[in-house]
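Using the sequences and the accompanying hints, generate a full structural model.
Each protein sequence line maps, in turn, to chains A and B.
Those letters in the first sequence? Residues 1 to 242, by my numbering.
Those letters in the second sequence? Residues 1001 to 1097, by my numbering.
Calculated from the structure, these hints are not laboratory results.
Keep in mind it's a predicted model, so treat the numbers as computed, not measured.
Treat the hints with care, as some may be off.
Distance windows between CB atoms, simulated [said to hold, decoys possible]:
1. A/Glu164 x B/Gln1083: 25 to 31 Å
2. A/Glu72 x B/Ala1024: 31 to 37 Å
3. B/Tyr1064 x A/Ser142: 29 to 35 Å
4. A/Lys63 x B/Lys1062: 41 to 47 Å
5. B/Gln1094 x A/Glu72: 45 to 51 Å
6. B/Lys1006 x A/Glu95: 47 to 53 Å
The calculated lysine to aspartate or glutamate pairs, modelled on EDC-like cross-linking and capped at a C-alpha distance of 16 Å, are [as the list claims (entries may be wrong)]:
7. A/Lys193 x B/Glu1086
8. A/Lys193 x B/Asp1087
9. A/Lys241 x A/Glu200
10. A/Lys173 x A/Glu223
11. B/Lys1019 x A/Asp122
12. A/Lys225 x A/Glu205
Ideal Cβ placement from N, Cα and C applies to all residues, glycine included.
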Amino acid sequence: MNLKLTLGKVAKLLNVSTDTLRRWDKSGILTAERSNKLSGHRYYSNESLETYLYDNIFKFCYKWATRKMGQEPPSIFYCQNSSIFQARLSKMEAELMKTDSLKDIYSLLVAITGEIGNNAFDHNLGNWSDIAGLFFGYNLKSHQIVLADRGQGLYKTLKRVKPEIKDDKEALKTAFTEIISGRAPENRGNGLKYVRRVVEMIPIELYFKSGNAELTLTKNDSEVKPRQAQKRMLGCLALIKF
Amino acid sequence: MKIELKKFGVTLTSRQLGKEASAAFKPSLTQIGKEEIVEIIFDGVNTFSPSWADEFLTPLQKEYGNRLFLEPSTNPSVLATIQLLEDIGQIKYQITQ
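Laid out in structure tokens, this is it:
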């Protein structure tokens, strides 16, 4: 069924003003339909909205993760619980496996996506800042995988096992570099160390953000150098480019 | 005893599912003889990640030590995961010759 969405609903969903949507319509970024010639009300089909969202998946995910007031992401990206995430991860795996150019690396892409996504559930269950669950989407045409949560972020969760951590930048560095063996009181894994190792092995790029710190890792530059992010966020955000 | 991981699924990625697999398989481990070798088979697994592996393999390593063997695998996610587990646990998994 191809539902029609009003200008106001789409503006709220994308967290932009109705004026912005009108401009996008004129410039062809996100084309609206008209209800009839007389009233000229703009409507959006689910299909055109989904195309826009997949084409701008990271931009949309970033906005969702950094907005002040949380709201549920569109259902195509929303994993309310880890079972839904697992099912969608398996679907992504099946799609990546079909791509010849990825046959040597798909298992590593799925493994790191799994580690980042499952981290969100393992460390935030019962402690989400506002919206429970994970934003998870991918676009095989633009070679992007995005994940974000509105949980507590690395600083808060890592401070439980390493109280001397001072800020988001230090937490980010610790998460990607230090093997934390003293696990009490939290059953913390070492998933992000694994993610970094994989980035060092194959030609992909990782952008990761938590709190007000962010970093970029590539095969040729895998040194963990967190920098100050322009915008603070509650949980974690990751972009994998492959 | 041979443990075929594909019987737990082909996408083995979460800590929660690793824990569930470990708990579900525990009763079968009582059949293992005192000197019997335990062998892990990765064949048929598409993706293997440290969270799942830590919940399933680490307890087996602790329990069976030098009686635990891993069958060789060429899957990159298996190789990378085993390497990380070895570094975290300061151990070396034995590979079946």
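Between A/Glu164 and B/Gln1083, does the C-beta distance stay in 25 to 31 Å?
holds (28 Å)
Could you check the hint for me, namely that B/Lys1006 and A/Glu95 are 47 to 53 Å apart, CB to CB?
Since B/Lys1006 and A/Glu95 have Cβ atoms about 20 Å apart, the given range 47 to 53 Å is violated.
Take the C-alpha atoms of A/Lys225 and A/Glu205, compute the straight-line distance between them, and say whether it is at most 16 Å.
holds (14 Å)
Could you grab the alpha-carbon distance between A/Lys241 and A/Glu200 and see if it respects the 16 Å cut-off?
holds (14 Å)
For the pair we were handed, A/Lys173 and A/Glu223, check the Cα-Cα distance against 16 Å.
holds (10 Å)
Taking the Cβ atom of A/Glu72 and the Cβ atom of B/Ala1024, is their distance within the range 31 to 37 Å?
holds (33 Å)
Given the hint that A/Lys193 pairs with B/Asp1087, test it: the Cα-Cα distance must not exceed 16 Å.
Within the cut-off at roughly 11 Å; holds.
Pairwise beta carbon distance, B/Tyr1064 to A/Ser142, judged against the given window 29 to 35 Å:
Violated, since B/Tyr1064 and A/Ser142 (Cβ atoms, about 46 Å apart) do not stay within the stated range.
Holds or violated: are the alpha carbons of A/Lys193 and B/Glu1086 at most 16 Å from each other?
Status holds; Cα separation ~13 Å.
16 Å limit on alpha-carbon distance, applied to hinted pair B/Lys1019 and A/Asp122:
Holds, because 12 Å separates the two Cα atoms, which is no more than 16 Å.
Falls inside 41 to 47 Å, the C-beta gap from A/Lys63 to B/Lys1062?
holds (45 Å)
Regarding B/Gln1094 and A/Glu72, is the given constraint of 45 to 51 Å on their beta-carbon distance met?
holds (48 Å)
The earlier numbered hints that this structure contradicts are 3 and 6.
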